[in-house]
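K.L.:
Protein chains in written order, with the working numbering: chain X, 1 to 351; chain H, 1001 to 1239.
Simulated from the structure, these hints should not be mistaken for lab results.
Just so you know, not all the hints are guaranteed correct.
Now the in silico label distances, taken between C-beta atoms and shown as ranges [as the list claims (entries may be wrong)]:
| no. | chain 1 | residue 1 | chain 2 | residue 2 | range |
| --- | --- | --- | --- | --- | --- |
| 1 | X | 23 | H | 1183 | 46 to 54 Å |
| 2 | X | 208 | H | 1185 | 36 to 44 Å |
| 3 | X | 251 | H | 1153 | 19 to 27 Å |
| 4 | H | 1184 | X | 298 | 28 to 36 Å |
| 5 | H | 1142 | X | 74 | 21 to 29 Å |
Computed far set for chain X versus chain H, every beta-carbon distance over 12 Å [what the hints assert, rightly or not]:
| no. | residue |
| --- | --- |
| 6 | 32 |
| 7 | 108 |
| 8 | 231 |
Treat the numbers as computed from the prediction; the structure is a model and nothing was measured.
We put the beta carbon where it would ideally sit given N, CA and C, even for glycine.
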Amino acid sequence: MYEKDGNKYFIVDSHMHYWDASPQNWVPGAEQYAKGWIECFHAYQSLGPPETHWTLEHFYKASEEDLMKDVFEDGYVDKAIFQPTYLTEWYASGFNTAEQNGALAAKHPDKFIVNGRWDPRDGDAGIKQLEEDVARYGHKGVKMYTAEWREGSRGWTLKDPEAYRFLEKSQELGIKNIHVHKGPTIWPLDKDAFDVSDVDHAATDFPELNFIVEHVGLPRIEDFCFMATQEPNVYAGLSVVIGGLMYARPKFFAKVMGELLFWVGEDKMTFGSDYSIWEPKWQIEGFVDWDYPSDEFSDYPRVTVDTKKKILGLNAAKLYGIEVPEEFQIADASAPAAQDDAVLVDDGVRV
Amino acid sequence: MTERAQILAALASVRDPELDAPVTDLGFVSSCVVSAAGDVQVRLRLPTYFCAPNFAFLMVADAYDAVSQVAGVRHAEVILDDHFAADAINAGVAARSGFVQAFGELAAGELDELRTDFVRKAVLAGTDRVCRPLLAAGRSTEELAGLTLGDLPPSPDLDRLRSRRAELGLPADDDSALLVDAVTGEAIGAQALPLHLRRARLTRVNLEANGSICGGMLQHRYGTDVHGAITNSELEGVR
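My request is simple: use the sequences and hints to build the entire structure.
P.N.:
Here you go:
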C-alpha cells in the first residue's frame, strides 16, 4: 500500500515478470534473437529515471531477493500478477514461465497471482496443458502473446478458429481475464502487425471474458481507443504507458492519459509496472503526484484521488476478485470500481 | 560531381511511414558516403532490433529510390544495420525484388495498402496540427466546417497536410474543404465534426508519443541526442 497526503492506495501490479534472459539460457542458434530481445527491453528501461537504471547484466535476471524487495518492500505493491512470456524458441527454459513464476509464488503465499498462457498452435495437447495448469495454479487470467515465434510460424491472431476453441475452454475453466500483448510483432509482415481488430472480434464474441490490452496497443493507441470505446469488456493495461512516458516524456504522457481517460475511462484502466523493465516504486509515487501540467489539457477528463485509486489497484482487484480492506476503498460507494458490465472473478483467487 | 548534401537532401524526402517524419530528422541515417565517381553508400539504423520489418523495408527501398534518382549517381547502396531482418531487407532492396520476393511466404502481399493506411493517419494527425491553433484562437468547430484550405494562413503544417492529401488523391487545392474524410475525401458535416476532431487529435497524440519513445530508444542504442536526431556535423563524424 502507498499513502500520500492522507490518502491510502491499495496497489495491484497487474503486469509484471520474473524472467531469465541470461546468456546461458539462450537457445544455440537463436542467440541473436535472445540477445536482441533483452537489449530491446533494457532500452525501454532507459526511459525511466536514471537512478533506477540497471546494468545489462543485472537486467538479464533479477534474483528472488531483488524482486521481493523492489516490488513489495520498496515498491508498495499489495498483490502482483505474474504475466508469462514463454519465447521458448529463443530461451531454452523459457523467458518467463508460469512454472518459474509459480515456484516463487508458492514460497510467498498471498503475494502473487500466477497467470497462465495458451497458444492455439498447441492444439489438443495445449487444451490438456491448460486444464492441468488451471488445476495447478488456479489461473484466473492468461497472457496472450500473439507474436510468439514457433517452429517457422511467426504468430497468430485471436480471430483464428483454433484461438476461439481455447477461449471457450478458458471460459469453461473459470478464467475471466485475457491479457493480450499488443506490442512489437512481426507477422503477417505485409499487414499492420499491431492491428487490434482481432481483440475486437473476440471481445464481441466472448462478452463474459475481459480483454486487457497491455501497452494500450502502442504504437497504435488510436486504433485501440476506437475499438475499446465500443467494447464494454475491453480494458487498457497501462504497462509501458507510465513506465515509458511519465518520466521521459511528461507532455506526451499527459496527452496519452487524457486520451485514454476520455475514450476508455478511469474504470477500465489498470496499472502494471512491467517489472523488471521498470521498478514500481517511482511509477507509483510519480503517478500519485501526477496531474496535467497546464491549462492546455483542460478539455481532458479530470484526474482525482479516486481516479488514481482505481487505476493503481481497485480496478484490477475487482477483475481478479482480490479482497480490498475498507480503508483503501473510495469514499463514494456509488462510484463503481469497475464498469458495471465488467465480468468479475466470482470466487477467491487460489494460488 | 554529386555532392553529399544532395544525397542528404534526397534522403530527407524519405519518411518513416509510421511516424510521418523524415529519416534524416529521426536520426535513422547513420552514414552517407559519396565517391568521386558517383558511388553512394548510405547506412540506416533503427531504434530497436525488432522494429517492424515491413516499415523497415519501405524505408530502405524508398532511400534506395531517392538516392538513385539524384543526378550523377552511378551506383547506390543502402544498408540497414543491427536489425533482425537486415539480411533479407538489404538483399531484397539491392536486388530490387520487392517485399514479397524478399520475404517469401511470410508476406502475402506488397506494402502499398499498408502505406496508404499510414498516410491516412498522417492526414488525420495533420488535420489536428492545422486545426488546433484555429480552435485555440477562438474559432468554433462549426466555423471550421465551413473553411477551405485556402482560408488558412500559410504554414509548414498546412503544406504538409496538402501534400499528404495529394498523395492519397484527396482534394488538396485552395477550394477544398479543410476537413475531409481521409478515405473518401468527402467534406465532414457539422454533426460529425466533434468526433472527427477528437479522432484527429488522438491520432496525432499517438504519432507523437510513439515518435518520442522511438527517439528515446534510439538514444539509448546509439547515444544520439534526446530527439533521436543527428546533426550534419555528427553525420560527418560517423562517416
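K.L.:
Compare the structure with each hint and give your call.
P.N.:
So, going through the hints one by one against the coordinates:
no.	hint	in the structure
1	X/23 with H/1183: 46 to 54 Å	holds, 49 Å
2	X/208 with H/1185: 36 to 44 Å	holds, 41 Å
3	X/251 with H/1153: 19 to 27 Å	holds, 25 Å
4	H/1184 with X/298: 28 to 36 Å	holds, 33 Å
5	H/1142 with X/74: 21 to 29 Å	violated, 53 Å
6	32	violated, 7 Å
7	108	holds, 33 Å
8	231	holds, 17 Å
Of the numbered hints listed earlier, those contradicted by the structure are 5 and 6.
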